[in-house]
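Sequences listed follow chains A and B, in order.
Mapping of the first sequence onto the numbering used here: position 53 corresponds to residue 56, and the numbering continues sequentially without gaps.
Mapping of the second sequence onto the numbering used here: position 34 corresponds to residue 93, and the numbering continues sequentially without gaps.
Quick caveat, the hints were computed from the structure, so don't treat them as lab data.
It cannot be assumed that every hint is accurate.
Stated by the list, open to error - Estimated spans, in silico, between C-beta atoms of each pair:
#1 148(B) - 144(A): 51 to 57 Å
#2 161(B) - 151(A): 28 to 34 Å
#3 170(B) - 153(A): 24 to 30 Å
As the list claims (entries may be wrong) - When the alpha-carbon atoms are kept at most 20 Å apart in a straight line, the in silico PhoX-like pairs for lysine-lysine are as follows:
#4 92(A) - 66(A)
#5 108(B) - 97(B)
#6 128(A) - 157(B)
#7 145(A) - 45(A)
#8 166(B) - 128(A)
#9 142(A) - 45(A)
Just so you know, even glycine gets a beta-carbon here, dropped at the ideal spot from N, CA and C.
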Amino acid sequence: MQIGFRTMAASILFAAGFVGQPTLAQTAQVPAGPAGGVIASKLPDAEGVHLGMSVAEATAVMKGLFPGAGLQVLYSHYLNGPTFVSSMKGQSQDQTDNLSVFFSMPPNPQQVTFLQRTMIMPPGKQPTEANTMAGLRQKYGKELTNTKPGSGIFGWAYDEQGQPASPQGPENWNPADCANQMVGVAGGQPQANSSLEVNAILDPIPLAQELPGLIRNLCNRNVFVTAQILASSIQGTPVVNQMFVYLGEKPLALRNSVAGRQYLEGQATAKQQQQLKNAEQNKAPSL
Amino acid sequence: MPPLAKSVAFNGCQSIISNGAGVGGGLPSYLGVAVPQKEPQQDLDRIVKVRCGMQIQVVAWINGTPGGTANSLLVTVSEIAGDLRAAFAAENYLWQLKSAQSNQQLKNAQQQAAPTF
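Using the sequences and the hints, build the whole thing.
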């Protein structure tokens, strides 16, 4: 099975399959990260899994949160390339808490670029919306004010050093829509030797053509957190039944995604050149 | 037995609540057709008024040929005032139960800490 690059997720770089491969030549337009790279501990987290963590770091936290069968690791690989971990899914024993971790793909070192958490609050364990918001504010700070008011959706934004940011955009732009717009990640398959392939050749739009749009996208300029709260009312007091939390390190995802696309397009070009060279070296058949 | 204060046959007045007669003039949760709810005052007024102020209702149904013999006789005696009191008490009880449950749910929710983020 093959899947287009743009719809994919991230992973662990197994073995040394990508060592020595070309990495992202930083294009001026692509948001540059902090000098020396992002420091995961400064970026937002969900239950201790920070954006920017390596596969090994995230795995260690996830194993602690979801021991045993509660943790599922999913794998992908490029065409004829080594297998890498592309995402992880953790589920609590009572199945009320689910956390998915998505890693950027090689050749750049893989890092957590997106997190998705779904919580179902069973009867008797449903907090008020006020308590929940207090918890969210304690964790992520004061929410943005230019998100959809009254929709139960709240947003936070940061720079890549983890400092709060206040991104502005057109009136119809909602920063709370950013965190769950994933780029450069793949869900993957539970079997490491599965046939799932991430193949840029299948993407009909060349990177050069697609890049300006990705750079113009305001969502790709910040780290975002979005919380969606579904509540019912008890005597007029909103009580939370279910909630979704999304975290996205969008500039890092874009950089690593571009690097992945460049790597795959480079592979394709090299293959074409080799085919051409082979053809040129072939002697004409005896006539 | 005292004489009838007035004849109430076929005058549109409704009988007891608890046999389900005249649901339109009844108490929904008491009749088991709805969850407990607080009855608005106008509904309470209506429920009482459609009983025409009756306290005890005696209805006799005679089946037969006019001027001839009767082949059956059905007499119902209903303590309407008592039925109304019981119905309102039950409705109030159910409402209080629901209210207490709701209070407890709210208290639980207020004491429930936000999940760990």
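Hints, verified against the model:
no.: 1; hint: 148(B) - 144(A): 51 to 57 Å; in the structure: 54 Å, holds
no.: 2; hint: 161(B) - 151(A): 28 to 34 Å; in the structure: 30 Å, holds
no.: 3; hint: 170(B) - 153(A): 24 to 30 Å; in the structure: 26 Å, holds
no.: 4; hint: 92(A) - 66(A); in the structure: 11 Å, holds
no.: 5; hint: 108(B) - 97(B); in the structure: 19 Å, holds
no.: 6; hint: 128(A) - 157(B); in the structure: 19 Å, holds
no.: 7; hint: 145(A) - 45(A); in the structure: 17 Å, holds
no.: 8; hint: 166(B) - 128(A); in the structure: 11 Å, holds
no.: 9; hint: 142(A) - 45(A); in the structure: 13 Å, holds
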